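**Q** Sequence:
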Amino acid sequence: MTAADLRAILVADHLTHGPGVWDPASAALAVRAGHRAVHLSGAAISATMLGRPDLGFTPATQIADRAAILVPALAGVPLLADADVGYDSPEDAVWSALAYQRAGISGLCLEDGEDAGRSAARITALAGQVPGVVLIARVRGGLDETIARSRAYVAAGADAVLPEGLREAELDRLRAALPGVPLVVSRSEADSGRGRLTTAELAALGVRLVLHPLAAVLAALRAASLTYRAIAEEGDAERVDRMPPAAFATLTPTAARPAPRGRVPRPQAAEGEPAADRGPSIPAPRPSPGAAAFERGPATLARGAAAVHRGVDTIDT
1 MTAADLRAIL VADHLTHGPG VWDPASAALA VRAGHRAVHL SGAAISATML GRPDLGFTPA
61 TQIADRAAIL VPALAGVPLL ADADVGYDSP EDAVWSALAY QRAGISGLCL EDGEDAGRSA
121 ARITALAGQV PGVVLIARVR GGLDETIARS RAYVAAGADA VLPEGLREAE LDRLRAALPG
181 VPLVVSRSEA DSGRGRLTTA ELAALGVRLV LHPLAAVLAA LRAASLTYRA IAEEGDAERV
241 DRMPPAAFAT LTPTAARPAP RGRVPRPQAA EGEPAADRGP SIPAPRPSPG AAAFERGPAT
301 LARGAAAVHR GVDTIDT
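The sequence shown begins at 1 in UniProt numbering and counts up by one.
The set of hints was computed from the structure by calculation and includes no laboratory data.
Just so you know, these numbers come straight off a predicted model, no measurement behind them.
Any given hint could be a false lead.
[Claimed, not checked] Computed spacing ranges between beta-carbons, pair by pair:
#, residue 1, residue 2, range
1, R222, G165, 25 to 31 angstroms
2, R239, E201, 35 to 41 angstroms
3, G142, Y228, 40 to 46 angstroms
4, G117, E189, 32 to 38 angstroms
5, A8, R151, 19 to 25 angstroms
6, A204, Y228, 21 to 27 angstroms
7, E201, T61, 36 to 42 angstroms
Where is the CB? At the ideal position from N, CA and C, for every residue including glycine.
Required output: the full structure, derived from the provided sequences and hints.
**A** The structure is reproduced here in structure tokens:
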């Protein structure tokens, strides 16, 4: 699916739930359960890659790399990903969004900083230069500040608003202040069971997408903890409810499985063409200095372009 499909979800007359995913297996399970949108959060990446809470350790390249691995398992279901505050300047935000787009991400959640003007400038740059990515503005603060900032971000080009710090009961006033603007809610596991509104109640308040960034991560970690304890105490995991090995083997379609690292897969034979005519597998090409610089960001990219212009083969980073 494309950004247009995610935008269609945001303007639909019903609410969609988007669970968190973090690898191809979790992505495939979400699709198998029937979800129409999924979320890759910085918190999920920090938990599964670093074993740490989300305290700003996850750069854009790490999220884009992880997205590129799991997107094939989504079978076209749109992926929404966290993008911090845009990783600094409007130019950095655009570079990050382009990396996200290349990885197959359909939309990003962009946090606002202390300066609402700078946040609006990032959204303006993104809406103008990366129109193929849906922009959801995450807004922190009290109700009045959330309304003011949300209006500024929507005027700058945001497709939807994700308010943080508001009680769900305050969403009615926010909806009245933002007519026609889709609302997104991110449900924290820390607030589980505290008088939450139902799906129907949230939909009536203008909410069109509810994110569950860590629900599956925490469930998976709990299951792993029980399994490790069973093995330590009994020498096996027979007492733990597990997925059958046969089900795991067919979790993702063959087409979604990556080629071996460092190898370019053989091309598919055309109808009637002998398999031997397809040619051998060849090693993947090594990235050029300019390509490596591109992956490190705008400032290094500029130095790389200057080096190429001078005919220099290396770049001082």
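**Q** Determine for every hint whether it applies to the structure shown.
**A** Verification of the supplied hints:
About 28 angstroms separates the C-beta atoms of R222 and G165, a value consistent with the hinted range of 25 to 31 angstroms. Against the hinted window of 35 to 41 angstroms, the Cβ-Cβ separation of R239 and E201 comes to about 39 angstroms, which satisfies the hint. Range check, G142 to Y228: Cβ separation about 43 angstroms, and the 40 to 46 angstroms hint holds. Checked against the hint of 32 to 38 angstroms, the C-beta distance between G117 and E189 comes to roughly 33 angstroms, which is consistent with it.
In this structure, A8 and R151 meet the distance hint of 19 to 25 angstroms, their C-beta atoms being roughly 24 angstroms apart. Checking the proposed 21 to 27 angstroms range against A204 and Y228 shows it is violated: the Cβ atoms sit about 44 angstroms from each other. The hinted window of 36 to 42 angstroms between E201 and T61 holds, with their beta carbons roughly 39 angstroms apart.
Going down the numbered hints, you'll see the structure goes against just number 6.
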